[in-house]
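Peer 1: Take a look at the letters that make up each chain.
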Amino acid sequence: RKEVEQDPGPFNVPEGATVAFNCTYSNSASQSFFWYRQDCRKEPKLLMSVYSSGNEDGRFTAQLNRASQYISLLIRDSKLSDSATYLCVVKSGGYQKVTFGIGTKLQVIP
Amino acid sequence: DAGVIQSPRHEVTEMGQEVTLRCKPISGHNSLFWYRQTMMRGLELLIYFNNNVPIDDSGMPEDRFSAKMPNASFSTLKIQPSEPRDSAVYFCASTGRGLSSYEQYFGPGTRLTVT
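Those sequence lines, one after another, are chains C and Y. Each residue of the first sequence is one higher than the last, beginning at 1 in the numbering used here. Each residue of the second sequence is one higher than the last, beginning at 1 in the numbering used here.
What the hints contain is simulated information worked out from the structure, not anything from laboratory work. A few of these clues could be false.
As a list, the in silico SDA-like pairs of lysine to any residue whose alpha-carbon atoms are at most 25 Å apart [stated by the list, open to error]:
1) 97(C) / 16(Y)
2) 68(Y) / 53(Y)
3) 45(C) / 59(Y)
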C-alpha cells in the first residue's frame, strides 16, 4: 500500500462548482499534513497546512480525520484559475522529510 | 529574495552520457531535497540533506545516481551513465529553520530527456 494515496482524476468541474478531494495515508503516526498546488509545467507550491481542527483560507477548506486517516480539500465557487494539480503531503518521522501523493488534477471549465 | 535556483532548466543527452544537475537553495535554509517527477510515479524523494549531511538516500534508484552538498549553498545530482528511463523532471527544494520549517520551497526543475 502506498504511503499517501490520491485519486489522480482528472476532475472536470464547471466554474462556480464546489469540488472536494480526499487523500488517505497509511502511517497512523503521521504528524503533519499539507496541500500543495502544482500548475502545469511548474514547481509545486504550498497551498495550505491541514490542522486537526480544520482550517479555512478563503474558498479553500482543509480537514483532517485521524481516525480514518484521511485529509480533504474543499474548493468552493471554483475559478478557472483553480485548474491545477493538488498534491497531498504527509510528514512522518524525524527531520523535515515529507511524502507526496501523486496529485489530483482539477480542470475548471467555463 | 531569490528562490531556489536550478540549472540547467532543460537537458537533452544520449544514453550513456553523464548528467549533472545543480541546485542553489534559499540562503539560510538548512535542509535540501532532490525529487524526481514522472507521470506514472509522481513526485519521488531521491535524497535529502540536513546541514549539508545526507540524511536519507533510500530513494536513490541505483548506483548510477549520486548527490553531493559540499556547502550550504550548493548541491549536485549526478547520473552516470544515464539511461532513457531516467527521463523526468528533477526538482530541488529547500526548507528553513523555525516554526514554518516544514514548507518546502521548490526550484523550477530540470527537465531531463535521455535518448
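Peer 1: Run every hint past the structure and note whether it holds.
Peer 2: Comparing the hints with the structure gives:
no.	hint	verdict
1	97(C) / 16(Y)	31 Å, violated
2	68(Y) / 53(Y)	9 Å, holds
3	45(C) / 59(Y)	22 Å, holds
The structure shown violates just one earlier hint, number 1.
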